Every structure is written in structure tokens, then in C-alpha cells.
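In case you want the letters, here they are:
There are 2 protein chains.
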Amino acid sequence: MGSGKPHSEIQRFPAEDVYNFVEAVLLKSEVEEQAAKVTARGLWQTSLRGVDSHGIRLLLHYIQGVRGGRVNPQAHIQFEKTSATTGRVDADHGFGHAAGMLAMKNAIEMARESGSGQVAVANSNHCGSMAYFALEAAKNDMIGTAYTNASPNMRSANATTRFFGTNPICMAAPMSREGPFCYDGATTMVALNKIRNMGDQGQDIPNGWGADSKGKDTTDPAAVSQLLPMGDYKGFGLAMIVDILCGVMTGMPTGDQVTDMFRDSNSEKRHLGHFFTATRIDAFQEASQFKDRLQELADRIRQQPRQDEDTPVMIPGDSEKASEADRKEFGMPINEAILSDFRKLAEELDLEMFGSQS
Amino acid sequence: MGSGKPHSEIQRFPAEDVYNFVEAVLLKSEVEEQAAKVTARGLWQTSLRGVDSHGIRLLLHYIQGVRGGRVNPQAHIQFEKTSATTGRVDADHGFGHAAGMLAMKNAIEMARESGSGQVAVANSNHCGSMAYFALEAAKNDMIGTAYTNASPNMRSANATTRFFGTNPICMAAPMSREGPFCYDGATTMVALNKIRNMGDQGQDIPNGWGADSKGKDTTDPAAVSQLLPMGDYKGFGLAMIVDILCGVMTGMPTGDQVTDMFRDSNSEKRHLGHFFTATRIDAFQEASQFKDRLQELADRIRQQPRQDEDTPVMIPGDSEKASEADRKEFGMPINEAILSDFRKLAEELDLEMFGSQS
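Protein sequence lines, in the order shown, are assigned to chains H and P.
Under this note's numbering, think of the first position of the first sequence as -16, with each following residue one higher.
Under this note's numbering, think of the first position of the second sequence as -16, with each following residue one higher.
For the record, the hints were derived by calculation from the structure and aren't laboratory data.
Note that this is a predicted model, so its numbers are computed, not measured.
Hints are all accurate, no fakes.
Because identical chains share one entry, a pair is satisfied inside a single copy or across any pair of copies.
Restricting the straight-line Cα-Cα distance to at most 20 Å, the calculated cross-link-like pairs of lysine to aspartate or glutamate (DMTMM-like) are:
(1) Lys122 <-> Asp275
(2) Lys177 <-> Asp243
(3) Lys177 <-> Asp215
(4) Lys199 <-> Glu292
(5) Lys64 <-> Glu96
(6) Lys199 <-> Asp291
(7) Lys64 <-> Asp265
(8) Lys199 <-> Asp187
(9) Lys197 <-> Asp291
(10) Lys64 <-> Glu269
(11) Lys122 <-> Glu92
(12) Lys199 <-> Asp293
(13) Lys197 <-> Glu292
(14) Lys197 <-> Asp293
(15) Lys197 <-> Asp187
(16) Lys122 <-> Glu269
The task is simple: from the sequences and hints, build the whole structure.
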């Protein structure tokens, strides 16, 4: 899936060196070893897949959370099984990645024994990209889903203020001739930083992406202070489903009562909730047959006649697979803002920075 | 939730009389008794909830399917348990409502025993509104989800032709002081008949709803021959998730290979797939606490400041609850086109038509 040449002009670095640095920063910040490894792997894999918004750029924010008291670096994250196929994880305000992966691994274990597994996580923090967890199920020939609530950012129809977060929905399933299908999408139309980027380039945004501080729809990126749901009221409904699983089911705060990632202080605990499921494919049909059938479906979609011959028809996950191939070969692009964060962390923690890709 | 006066000028009929007529038409058409009752109840409840597109207007189409050979009125619909929490239903080309309800009832039973249940349905037909099934789980203090694939109608980004159907996503969950929360939405932006209705009224449609026969986006309702996904490529991804559960997992046709509801002949079997899940709430927290918490969340959403003071801020299912209260009190509105279908059926089957609401 590699393009044959690097995708950007940004300076690139050997992917493994970047991983080692991220892990070292977490370990040097007194993060418990298993949590440090799982979190480093999650941030790094997400950047490798090209999802820069949820990748290594979050490292400094996470460390600030540890220093401020929001994130418990030595959390005692515990799983409690509540039936043959359900369970709860108390994240003890530790890293969301660590709590989420413990939850998914238990969901997979229950699915192996009883067909399916569902685990809700309470008292958690930001857990990065949901794909990290759902892909773990797909690797085990299962269908995985992953959900989390998030900072209040989404306006509902006819309201004036932010309510739900970007509350993503993620599902992964294995295919026979390539990495898993993986849909991982916010229930807002776009992320706020996409709108900010268009503003920086002097572009207006389409109708239906954002609203101003009074709740009015706007096409002016600078005026946007809240996001609009995908498909209008439909996306708001999907965001509510996500919060029913993540906030209501877990006993955590819901909607506009969720602690904000950036607006609130780094000392304030977030009490986020996540929800994970794993379903054994071979409880429905032979896994190899499923993977062939999903591969055939994916190929059929990609082979559809195109409006623009030069633009591929894609399925969810295609651009992430292309990024992963590209970044494994040519190194991970890291922009100046993130490099500057990393240099600061290296100095503070007495760590060596990695060098650029030769 | 009733408005205090009827919502429309269309002639109204006592809801129970309408139910009895729909059931009688199915029974007189040699439909097996249990299937007839479950199907009649599903169509009728859906109309009562104001979702006219998926209610009793489908009766004639269903009977034509029986007469044409598409729908097996004496289907031997069978459930096979494949693990503690998973199972398959072979619908034997019978009514989708009957196959779906058998699947959901088994999912609920497995959830009662083991925390959760998931059932895939193969060789099925149109099953009406997905809410009918998900609400059954909510009635049992469970979270229910329901999915189905559908006639090819949705264009993906940069393609020229229809691929997935409206592939709906549905989730229901119980609340403490009113009927269940219920989101039941197509993954297209709108349904085709909404576009046709706007055309009839001389209105243009917004960008992002439909495309013409060449796949180009259009705002002219008359030019629309395919639907666009909600939230652009995001809705296409969600539709693919639905088809992975309903088409790939069941071994049924997927995407553009699904038999079309109307374009294909009534003799052609549809081989539709559905997927249902039930999850016991008390495996995560006390059900009464969950219901209170969801009620509080719903109330908080509805009490948000409004842009337009006269327009409520709603949650999924609010308009359906209002319709149900209204139609129970003032009778079910049935338009002339449907009345004419019903008169024809009454004559052919030697049945008495119901009279209008006094």
C-alpha cells in the first residue's frame, strides 16, 4: 500500500527510535511499566497509521496530566467479571490506553470461552485512538468494537451550547489478504483541529461542520466554538448511544458534565468511561470464510467505477494502511511543534532525543 | 406526550381495528399464525409510533411477496445456538419480522443466562422497523441493538453507482419515567421518499442528500436516483459495518448484490441478513440506577437553552413517543393510497374494512 515516496516534507525519524523515546519518557515519569508500554505502543501505532491527532502529539499532554495529578501513573487497574460475558474495569484514574487494553483483552478471553465479551471501563483518562483496541480483537479473529465519551464539544439540533463529545464509534474485523477492516470515526462531522487548519489556510468551512458561541451554524472557521454532529440530529443520536454505553452504564459523568481535556485543569480527574466488545467470528461461520467474504466485499467496493479516475474509492482504514506502509519504510514525520515538546521532555527527564531518518 | 389534538388532516381509524385488519389479511393469505401475529404487530406498532415509511403501508408489498413466491408464508424459521451467547436463525425466506423477533428473543434469553446474546439471521426478508426488535430488549431491562442490510441505494465517495442500502443502526435502552430511549436511523442522510415528497412540493433538497444517475451530487429532487451517506464517507463506513454483521457474518449477499425491494421481481428471494444483540444492564450496574441516570441525561438534553424557543431540543425517540400518544388517543391516520390498497386486499380476501374513528 506504500506510495513509493514519502507523503510529506516534514522531517522523518526511524519509527522504532520514536517508539523507544515515547516509552522512555513514560517510564522516566514514574509510569508503571506495563501501563507505559501499552500507552507508548498505542500512541506510536496510531501515529504510524497516520492518525496524527491521536498519536504521539499527545505525549506531553499525558505527562502534564501525570504531573498535575489528573493521571495516576501507578494506578491499580482492576478487572471484575460480572457474568460469563460481561465485566467492569476500574481504571483508578490511570492511563486510558492501559485500562482499555485490559478491558479488551478480557472481552477477547470471555469471547473465546462463551462467544462474546463486553467490558465497561470507569474512572479512566483519554485512551487515544479506539482502533488500537478494536484491532486487538480483529487480530484474534474476532469482531471488535470500542467506544469512549469525550470532552463536551457537540451541539444538538436547536440547542445553543456544547453537549456530547466527539464520542467515536469504532469497529474492526479481519480480512484475508490485508490488515483488518477498521472504521474509527467521531460522531461529529469533523474534528476541531481540521476546522482550525482550514482557517489557517484562509478557507471557509462547509455548512454543517461548526457553530459559533451562540450556537448558530457558521462557515467561518475563526467563529467556530462548537462542532456539529455528522448527519445533523443523527450524529447527535449516535453520540448519545456512545455515552449510554460509556457514561450511563459505568456510573461516570455524561454529556456536558464530562471534564474537558484541555479547558479544565490538568489536576482535575476526568472520570471518562469506555466500552469494548469482542465477538468470535467462528461462532457464526468459519473464520477463513468470513475473511475471504469481507476481502471480496472490500475489493468490490474499491473496483467501483470512479467519478474522478485519479481518486480511489476507499473503505475505512485504507488511508491508515497506506500511511503505515509509508511510515514504516520512510520513517515517521514529526512536525516542529511536537519536536519542540519532545526536546523539552528530553531535557527535563535527561533523555537522549532520536536522530532523523538517514 | 400527546399534543392534545390530532397532528394531521388525514382520516383516522381506531388503532385496534387497524391491527385486527392487518392480522386478518396476513392470516387469510395463508401466513402461519405466529408469523402473522408478529408481523402484524410490528407493522402496526411502527405506524402507531409515526414511522409511516416502515409501517402498515408495507402490507400490500408483503402480500405481493407471498403471492409472487419471494416470501414463504409457511416458513420453518429455526434458531441454532452456537455458543453460550451466540446463535443463528435461518429464516427459510419467511417474514423478516418473525425471524427477527425469534432472534431477539433468543438473544435476550442468552443474555439472561450469560450476560449478553448475539444472533445473526440469514435467508430473510424485509423486517420493517428495527426499533420493533431493540425495544423488546429494552422492555426486559436490557440494551438492545438491531441491524439489517437493505436494497442497494447508497453511493460512496467518488463512486458513480449505488452500493450499500440504507443499512440502519438501532439501539434501545430503558428509562425510568417514560418509554425506552430508541435511536433507529438509516446510514443514508435521508430516505428516498423524503426527497420525492420535497420534489412534489417544488422544493430543492440540500447538498449531500442525493446524487443523479451518473453519481453526481444534485439538489434537484427529480434528478435523484441514489442516496448519499450521512456525514459523507462516515455514513458509508457505518453502512459497511452493518453489512459486515448482516451480510458477511451470515453468508448472505452483500452490498450491491442484495436483491432490491422494489426494482427486482416479487418472485425473487431477497436473502437479507439481520443482526441482533441484547446486553443485561444489571451485569454492569443496578437496572433502576441505570434507568434513573439515563432519564436524568435525557431531561438535561431537553432542558438545554434553545435557539428557537418554540422548537424543543429532543432525544432520539421523542417524536415517536408523541405520535404513539396521539394516535392511541385520536386514531391512526391512513392516507388515500394506503386505504385503496387495503380496500383491494379486503375485496380479494373477502374481509371487512374497518370504519373511521368516531
